[in-house]
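**Q** Each chain is listed here by its residues.
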Amino acid sequence: MSTQPGSEAFLQLVQQNRGIIFKICNSYCANKNDREDLAQEVIYQLWKSGNSFNGSYKFTTWMYRIALNVAISFYRKENKKGPVISLNENNMDVEDKEGFVYETEENLNLLQQFINELKELDRALMILYLEAKSYAEIAEITGLTETNVSTKINRIKDKLKQKFLTVNK
Amino acid sequence: MEDMELQKIWAEYDRKLEESKVLNLQSWALNFRSFEGIQMQKAKSKLNRLAAFKTRVIVLGILWVLFLCTLIFFKFTWQGIIFNISAGAIALITAIAIVVYIKDVALIRQIDNSENILDTQEKLASLQASTIRIMGILWLQLPFYAIFFLTPAMLHDWNAWQWLIIILTTGLFTFAALWLYKNINYKNRDKKWFRILFNSPEWTSVIKAMNFLDEIEEFKKGN
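Protein chains in written order, with numbering that gives the first Met the number 0: chain A, 0 to 168; chain B, 0 to 222.
None of these hints come from the bench; they were simulated from the model. For glycine and all other residues, C-beta sits at the position ideal for the given N, C-alpha and C. Please note that a few of the clues may not be correct.
What the hints assert, rightly or not - Below, in silico cross-link-like pairs of lysine-lysine (BS3-like), each with a Cα-Cα straight-line distance of 27 Å or less:
(1) 158/A / 190/B
(2) 57/A / 158/A
(3) 156/A / 102/B
(4) 74/B / 102/B
(5) 102/B / 76/A
(6) 190/B / 156/A
(7) 190/B / 132/A
Claimed, not checked - Residues of chain B placed beyond 10 Å of chain A at every Cβ, according to the derived structure:
(8) 6
(9) 8
(10) 55
(11) 61
(12) 70
(13) 106
(14) 107
(15) 115
(16) 120
(17) 132
(18) 138
(19) 159
(20) 197
(21) 215
(22) 218
(23) 219
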């Protein structure tokens, strides 16, 4: 499959995985305009780095690396710690549908809030964990060892659980 | 709360995204065809601009070194020996700073967002923090600016007071230069003198980069 930036196959791969871009932008930007700028920057960098994808690892690994690197750099540059993002007032035109359980939505908003409060590197780690990536893949994306990934994730998870408990008291 | 529960909550995110129009390509400007135009606009990214700026500084630095070397080699006189030594030292220190700048430009060329996060972020932060390293090197020129105008004839005619003043001034400048060279590094960024010296807004991003380098180090350790 051709992964040249302009090729249909490449575009299709990015489009199939565009949820990654959305979630990462939401996790690193509180402001809607910033999020759109970041999304564009990520897409541009994917397009620009298209030739660097050589198939030695998964396409999503490559995409996570680029999206997270761009998001962290963008966040450090802007460093606008705005209000917590809520899915309701949200950002990229998320529309509520019937049947979305209120409690789950509230938990999701809380989870987003807690993630946004993490340091930028911990945040990357947690997003990857929540995306159900294996420790090996997380290590490949972040550059940490698998043991380190496991230790850190457990520590962050404990922190998040503690925060949920405090809120739900 | 169970471990899996966090992932379950997050999975709702995907469901919500699937149900909504958020993944509409139009709303996200995900139409890659339009990026042909953006490519031109973004071709001069921040990193490219930084590389261009550093390259200009390198060119200016090389011209300055060449100018000093020309003075030394073509205008050499024994009367101007102290000037020649000072100019030589300043040229050498500038050349060292130029080497650091060249390394920075090479580092900019190496930055690849598709590498792992720690490597890429470390390179980016080091790039910003290197400005501090160059400042430390450039301070070493200080003592030579205190003596470059001296000539053997002048020194021959000087009285004890004049000798004392020049020795004290040069000694003080040398001490300050060596001390600053040794101490201008990010480990001292929280010290009061450091904050006074680098208080202006243009240093804020450099200081932040240093803090981030620390965070990366901590992050790697797994403590």
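**Q** Please verify that the nearest CB of chain A lies beyond 10 Å from residue 6/B's CB.
**A** 6 Å, violated
**Q** Does residue 8/B really sit off the interface, with its C-beta more than 10 Å from all C-beta atoms of chain A?
**A** 5 Å, violated
**Q** Regarding the assertion that residue 219/B does not contact chain A, is the least Cβ-Cβ distance greater than 10 Å?
**A** At about 7 Å from chain A, residue 219/B fails to clear the 10 Å cut-off, so the statement is violated.
**Q** Does residue 156/A sit within 27 Å of residue 190/B, going by the straight-line distance between their CA atoms?
**A** 35 Å, violated
**Q** In terms of Cβ atoms, is chain A entirely out of 10 Å range of residue 138/B?
**A** At about 28 Å from chain A, residue 138/B clears the 10 Å cut-off, so the statement holds.
**Q** Is the nearest CB of chain A more than 10 Å from the CB of residue 159/B?
**A** 57 Å, holds
**Q** For residue 156/A and residue 102/B, compute the direct alpha-carbon distance and say whether it is at most 27 Å.
**A** 40 Å, violated
**Q** Determine whether the non-interface label on residue 55/B survives the test: each CB of chain A must be over 10 Å from its CB.
**A** 22 Å, holds
**Q** Going by Cβ atoms, does residue 61/B stay more than 10 Å from chain A at every point?
**A** 30 Å, holds
**Q** What's the verdict on residue 57/A and residue 158/A, does the C-alpha distance respect the 27 Å limit or exceed it?
**A** Violated. Residue 57/A to residue 158/A sits at ~30 Å, over the 27 Å cutoff.
**Q** The output says residue 70/B does not contact chain A. Does that hold with a beta carbon cutoff of 10 Å?
**A** It holds; residue 70/B is separated from chain A by about 42 Å at its closest Cβ, greater than 10 Å.
**Q** Do the alpha carbons of residue 102/B and residue 76/A lie within 27 Å of each other, as the hint requires?
**A** 23 Å, holds
Of the numbered hints given earlier, the model fails hints 1, 2, 3, 4, 6, 7, 8, 9, 15, 16, 21, 22 and 23; all others are met.
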